[in-house]
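Undergrad: Next come the chains, spelled out residue by residue.
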Amino acid sequence: MLKKTLMGATVLAGALSAAAFADTSDKRIALSNNYAGNSWRQAMLASWDKVTSAAVADGVVAEAPAFTTAENQVTEQAAQIQNMILEGYDAIVINAASPDALNGAVKQACDAGIVVVSFDGIVTEPCAYRIAVDFKAMGKLEVDYLATRMDGGNLLEIRGLAGVFVDDEISAGIHEGVAEHSGFKIVGSVHGDWAQDVAQKAVAGILPSLPEVAGVVTQGGDGYGAAQAFAAAGRPTPLIVMGNRYDELQWWKEQKDANGYETISVSIAPGVSTLAFWVAQMVLDGKDVPQDLTVPFLKITQDTLEESLAGTQPGGVANVEYSLEDAMAVVSGN
Amino acid sequence: MTLIKQLSAKAWIWSFIGMVLVWLVTAIYTGGKGSADVITAALSFATFTVIVGIGQMFVITTGPGNVDLSIPSTISLSGAVAMKIMGGSDAMLIVGFLASLGCGLAVGMFNYMLIRVLRIPPIIATLSSSFLILSTAIAYGRGLKIKPPPLLADFTTAQVSGVPVLAVVIILFAVVMSVVLNRTLYGRAVLAIGQNMRAAWLAGINVERIRFMTYVLSAVLAAICGFLLSGFSGGASLNMGQEYLLASIAVVVIGGTSVAGGKANIPGIWGAAMFMFLLVTMLNTFGASAGIRLIMTGLIIVAVITIAGGDEPQR
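The listed protein sequences derive, respectively, from chains A and B.
Mapping to the UniProt record's numbering: the first sequence position 182 is 182, numbers consecutive.
Mapping to the UniProt record's numbering: the second sequence position 151 is 151, numbers consecutive.
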């Protein structure tokens with residue numbers, strides 16, 4: 001309390017000198033999120049809450065509440081954004097249910113002078129800022145890694161949720177990688193919906209009909225399920241690329257300790273929501289931010305496994321939260 | 001001849017025919033490679049669909065408009081609560097199971113309260129309660145992934161010469177529930193209510209008590225499914241129940257139970273659950289793209305229901 005009062009006093013006293021600091025202190029930033037039903041989204045919301053409540057306490061912004069739609073429906077999220085416009089937020093950060101179906105609502109927000117920043121599930125409306133992930137490069141990276149470990153072999157591909165843009169992109173990257181490294185061949189492909197139980201079920205079904213599998217390329221959230229399906233079928237464990245989930249890292253650690261199992265793990269840190277928050281703050285602050293940004297993915301290797309596992313909450317996803325300085329580095333690096 | 005005639009009069013036979021056909025086609029395609037293992041996998045996974053399918057069947061049988069949409073969230077809640085309470089310790093197994101049952105009881109009673117006291121139609125009541133239940137699971141578990149006690153994990157994944165032990169248990173359970181449906185007062189009352197609620201009431205059946213028991217039964221079975229499933233797949237997750245919403249209804253309908261209520265059977269649920277798993281496996285084996293796979297799944301389900309539903313014309 002005392003600290004807050006003191007800080008308020010400092011701000012008042014040095015209003016001019018603390019310009020960069022105080023410019024956005026009366027601004028309100030809202031998060032519009034379309035889905036919260038998995039561990040990645042839960043971690044994303046937790047990171048948002050942690051970083052923004054610190055920012056609010058420090059007087060960087062006035063408030064930064066998060067809103068999640070119940071049904072993961074485009075119409076619902078569009079209505080939610082319209083409500084935010086009416087409530088007069090200065091910036092809206094969006095994880096969108098659809099890349100184009102929200103464009104109408106986003107345009108309305110821009111026309112009302114609101115800064116719109118989309119991340120993860122980005123929107124194509126030109127007036128919005130986009131923090132995109134190069135999912136295609138992520139898929140290709142998996143095959144490139146496999147090529148460093150073996151000359152070739154049969155691959156099983158576990159895809160995500162059918163019909164979602166991210167799934168198509170990662171898969172395209174994987175296929176590009178396979179085309180480049182001709183020793184590899186995809187012998188089976190199933191949809192694991194980024195959930196370990198769905199992946200386990202799908203892999204268990206197709207496995208009996210497959211020849212020996214040397215590697216499994218995944219999209220995250222499905223590696224542990226795949227490992228369990230191989231074990232249940234009594235087949236040798238192939239090289240499974242992991243996706244930064246706690247259960248995947250824990251399984252990898254157990255295997256590493258038991259038999260020196262080696263792989264990589266790659267995914268997007270849920271803390272990207274905090275990068276989006278800082279980008280919105282920077283735009284409100286009048287800083288020059290490019291309309292399209294790319295976030296680096298979080299890669300875990302054999303050497304960083306222990307460290308990453310220790311820093312990951314049970315049930316969570318390996319995470320990186322951004323500070324204003326980190327966000328500035330990402331922005332200037334583009 | 002009479003045997004064939006008798007069998008084809010059974011609504012459930014079609015799901016079994018579908019199951020065998022799909023399996024044969026897969027076996028021919030792969031040249032017989034791994035065909036036995038596919039059956040093992042199908043038995044393992046169908047088990048969970050059957051557990052919730054039986055509960056859903058009783059609910060649907062009580063008549064038009066009755067359906068339980070809170071099954072997926074009940075699975076998630078029960079799994080999360082049980083895993084957290086047990087904390088991976090065998091000693092807490094019973095406590096965890098009881099907690100799981102408690103979740104089911106609470107959900108079932110809550111659903112019925114919404115339907116009866118607040119007079120909300122079952123579809124809306126169970127849908128809205130599912131939001132509450134899932135939110136509870138999220139708040140309680142925070143997506144926590146705790147490993148199941150080794151004893152539970154071993155039990156749910158155990159196999160004796162290719163036959164999953166859990167599947168055998170649930171087959172026996174299905175036999176018991178079949179007797180309950182066809183030979184007990186409760187089962188007959190469920191069928192009677194489904195055929196005509198007013199007639200059943202006039203005949204002296206305590207309609208509301210039977211409906212209450214049915215919604216509780218469905219929720220408790222969903223809770224048991226959540227408990228076993230989290231043992232089987234190495235822990236509970238928030239979205240673990242998701243795919244059981246449509247699956248639980250699909251297996252009931254494909255299995256030959258009337259959506260209009262009043263006509264039900266248990267064997268068909270097993271046939272349908274196996275059929276659904278093998279169907280997806282077949283299309284995966286063919287390497288069909290996701291679009292084709294979904295279209296084929298839809299068409300084949302429609303075909304099976306049409307053939308199975310081609311029974312006695314309405315008088």
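I should point out that these hints are in silico values taken from the structure, not numbers from a laboratory.
Take these hints with a grain of salt, some might be off.
Non-contacting residues of chain A with respect to chain B, defined by C-beta distances greater than 10 Å in every case (computed) [what the hints assert, rightly or not]: (1) V166; (2) D197; (3) L207; (4) S209; (5) E321.
So, partial list: chain B residues that the calculated Cβ filter (under 7 Å) puts toward chain A [unchecked claim]: (6) D37; (7) V38; (8) T184; (9) S233; (10) M240; (11) T281; (12) N284; (13) F286; (14) A288; (15) A290; (16) V302.
Given the structure is predicted, the values throughout are model-derived calculations rather than measurements.
For every residue, glycine included, the Cβ atom is placed at its ideal position computed from N, Cα and C.
Undergrad: Give a verdict on every hint.
TA: Cross-check of the supplied hints:
1. V166: Nearest chain B Cβ is 14 Å from V166 of chain A, so the label holds.
2. D197: violated, 4 Å
3. L207: The assertion about L207 of chain A is violated, with a minimum of 7 Å to chain B.
4. S209: S209 of chain A not clear of chain B: closest Cβ-Cβ about 4 Å, inside 10 Å.
5. E321: Holds: least Cβ distance 17 Å, greater than 10 Å.
6. D37: holds, 4 Å
7. V38: This interface hint holds because 5 Å falls under the 7 Å limit.
8. T184: With a closest approach of 34 Å, the T184 of chain B hint is violated.
9. S233: Given a least distance of 4 Å, the restraint on S233 of chain B holds.
10. M240: holds, 5 Å
11. T281: Nearest chain A Cβ about 4 Å off; hint holds.
12. N284: holds, 4 Å
13. F286: violated, 10 Å
14. A288: For A288 of chain B, the interface hint is violated, since the closest Cβ of chain A sits about 9 Å away, which is over 7 Å.
15. A290: With Cβ-Cβ at 4 Å, under 7 Å, it holds.
16. V302: This interface hint is violated because 20 Å lies over the 7 Å limit.
In summary, the numbered hints that this structure violates are 2, 3, 4, 8, 13, 14 and 16.
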